[in-house]
Amino acid sequence: MNSEKLLEMEGISKRFSGIQALSNAKFELLKGEIHALMGANGAGKSTLIKILCGVHQSDSGTFKISGQQVLIRNPFEAQKHGIAYVPQEIAVQPYMTVAENIFLGRHPIKNHLIDFKSMEDLSREILADLGINIEVDKLGIDLSIAEKQLITIAKVISGNSKVLIFDEATSALTMSDTEKLFRIIRRLKAKGIGVIYVTHRMEEIFQICDRVTVFKDGEFVIDSQIDDIDLKQLIKFMIGKDVSTEIRTDRSALNTEILAIENLNVDGILKDISLTLHSGEILGLAGLVGSGRTELLRAIFGDLKISQGSIVVDGKLISIGSCKIAIDEGIGLVPEDRKSQGLILNFSLRSNICMAVLGRLKKFGFISTKQENSVTQDLLNKLNVRHNSFNQKVNTLSGGNQQRVVLGKWLATRPKILLVDEPTRGVDVSAKAEIHKVLKELAKNGMGIIVVSSELSELLQITERILVICRGQLVANVETQTTNTQELMELSTGEKLTHMDKS
Amino acid sequence: MTINSENAFNKTKIGLFSPRSLKIIREQTALILLIFLIFVGSQVSDVFLTGQNLLNIIWAVSVLGIVSLGQCILIIACRFDMSVAYSLGLCGIVMVVFQNLGIPWTISVLIGICTGFFIGAINGIICVKTGANPFLVTLGTGTLIYAASLTITKSKTVYTPFEAFTEIGRGKLFGVVHYSVAIFILLAIVLEIMLRFTKFGRSLYVIGLNEKVGKLSGFSVNKIIFAAFLICGFTASIASLIVTSRNGSTVANVGLGLEFESIIAVVLGGTSLFGGSGGALRTVVGVLVLGVLNNLLILMNVQTEVQQIVKGSIFLLIVWLDTSLRSKS
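Residue numbers (numbering that gives the first Met the number 0), protein chains in the order written: chain A, 0 to 502; chain B, 0 to 328.
Pulled out of the complex, with its shape left as it was, chain A reads as follows:
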């Protein structure tokens, strides 16, 4: 194999407003190599890729292309250096032909007009070169997802491309389409192009990659040839080793069943979900991004239309047609993205905390500021939110405090069942510990809680039982005491076949 180094990145650090996304990371890519870049969510993969593509600039570190030190200040310069990026979202214009899509923004010009003939000829050449068999005058809207994916590749690749980055390229593809994509990737490899491959699907790495680099929490963990590593080791590197030190709550006496879901279906997203939740229980829901975990919470909360199935709260069969009904039935949802779903950022602390309970704080039809203040005071104390006044806008708070405010907003509704999506995303360690403490305390006082988290260690720390969801179906129901991060990871990637009965 040709061992010429295409890319050398060393000592790369990047800090975003208070969060160290990458610290002293390194990455290397050889000519004709397919190199997997792995890590859990938030490990720093996408930051590194954005630095490569010129979207972000690193704070420190050296960056060489073919042995030459370079400075990439914007995506255009990255392109000039031969770095091409195939995005996760497929961007094909529906009402343009394949040729127009390929040459979008760089149409060949003749006599000040677009030269359609040479555009189509060149497109045919590019497609033939990649071994793609699609008519160049087909409209974008008539293409299958896999074809769109291939067109996207044809679009970003050009004569001087040396490095091709695939970011979750197969997440929307079926097995056979993925195989097609792999053939093309191998073809590119044979031409000497270096490929960086990012995916959540672990099995693919062993199918196609030569080498793997693992990041964790913004730091470089390991760089290994694929043959020298196995799946278990890889997952261990991605998650960290201290599995045994994880602290779990004792499974206290679980009382009554407060939520029972039978055969819940949401068209095209969730299939035959059945689960139960007891008062005083913290139930974890593990799964990859896009597995349907967030959608399950939204369906229970009335934010997604349920096509089939029943939801029983406190022994009473209810039909949850809207979030309002869910709130009235004692269900709360702390959504995944506090900034776009949980809070109104330029509203005050008070308005945010009282938002879901305004109906209760009325006096003669008007909102009572006095009652608002007492609710706010109560919750801010309970959650230990540092603040100057109730009128302070929430966008002046830190991420951890904002997250506590969202939690407070939902505690104000006095829910029996609390659904929590990513309770500690982007908050610092101490705030995280405190949020965990609050959740445990709530459960102790009889609340039933379902927690979704990408951080498996978080689930292991605070839950009593964990459900695993994969491609819209529950695939496992495990006692937290008896499982570990490796098993959960294998279950959620669909690596490990499950012992769960399909009843």
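Hints in this document: simulated from the structure, not taken from any laboratory.
Incorrect hints may have been included.
No more than 27 Å apart at the CA atoms, straight line, and that leaves these computed lysine-lysine pairs for DSSO-like [what the hints assert, rightly or not]:
| hint | chain 1 | residue 1 | chain 2 | residue 2 |
| --- | --- | --- | --- | --- |
| 1 | A | Lys338 | B | Lys22 |
| 2 | B | Lys222 | A | Lys381 |
| 3 | A | Lys361 | B | Lys222 |
| 4 | A | Lys188 | A | Lys147 |
| 5 | A | Lys362 | B | Lys222 |
| 6 | B | Lys211 | A | Lys304 |
| 7 | B | Lys214 | A | Lys304 |
Position chain B relative to chain A; hints supplied.
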């Protein structure tokens, strides 16, 4: 480092563009402009500052003002009603037509107001059910309303047979303040209280800023939007009542241009076109700026063409100031 920045802060504190005064300028651009215009008025004309002239100014803009109040409710929720101009025609036409059929004018007024509610309901239902852009939907319904008005009146002016009916638009409360001015101010105060202190008011702002948060917080987004359209239909019918009784007659296109003028007044007052901010009293200020400006230009005998140039320029100036000051914060 900290000492330096503290010094810098103290220095800028005195200046006109210190963070604090900048904040006031940013938040009250229209009010400052209004005071400035009134000051200019008092300098160029002796009659400008008389109580009678000031009342006349409000009287002249009361119809625009009432329409703008309804528009303001929708804009806060990030919606628009482009059909208000034609509702202004139809509601009045309905009143006058029923009067000519021999129905007492008081009943006809109620029917006219119901027409306003009906138009609001139709706009609301279409927007909520289809999820289509309210701007386009109401442009469409506006055209249909106009067509209805033209059909009913056969494109002619229709006259009220009741002298008493014209009293609403022409008469004065206690012989001092025009009824229309009183109604405008009263509506503004009621709507301001509603916006500030009720759950419905709060939910309009939330929906205007982020519908998702509103929905997840348990607001019935559709019902709220529907209600906002109802209010806008109602205010348009009240404005129609005033303009019709003032004129003693009405015509299908009596409100021509009011849809844009009302949006201009609302935005001038400091309500963001993107929803989630502003208020009824702010809208009153915006309307008054337009009114005072108009009055001044007439008092100064400025030609009609030049009047338009001045109005357009002032509007652009406000928009520019607003945008640039916002980005500085």
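Hint-by-hint comparison with the structure:
The straight-line distance between the Cα atoms of Lys338(A) and Lys22(B) is roughly 24 Å, inside the 27 Å bound, and the hint therefore holds. Taking the CA atoms of Lys222(B) and Lys381(A), the gap is near 34 Å; set against the 27 Å cutoff, the hint is violated. Between Lys361(A) and Lys222(B) the alpha-carbon distance is near 19 Å, which keeps this suggested pair within the 27 Å criterion. For the hint pairing Lys188(A) with Lys147(A), the CA-to-CA distance comes to about 21 Å; that is within 27 Å, so the pair holds.
Between Lys362(A) and Lys222(B) the CA atoms are separated by roughly 22 Å; this keeps the pair inside 27 Å, and the hint holds. A threshold of 27 Å between alpha carbons decides the hint, and for Lys211(B) with Lys304(A) the separation of about 15 Å falls inside it, so the pair holds. About 14 Å separates the Cα atoms of Lys214(B) and Lys304(A), which keeps this hinted pair within 27 Å; it holds.
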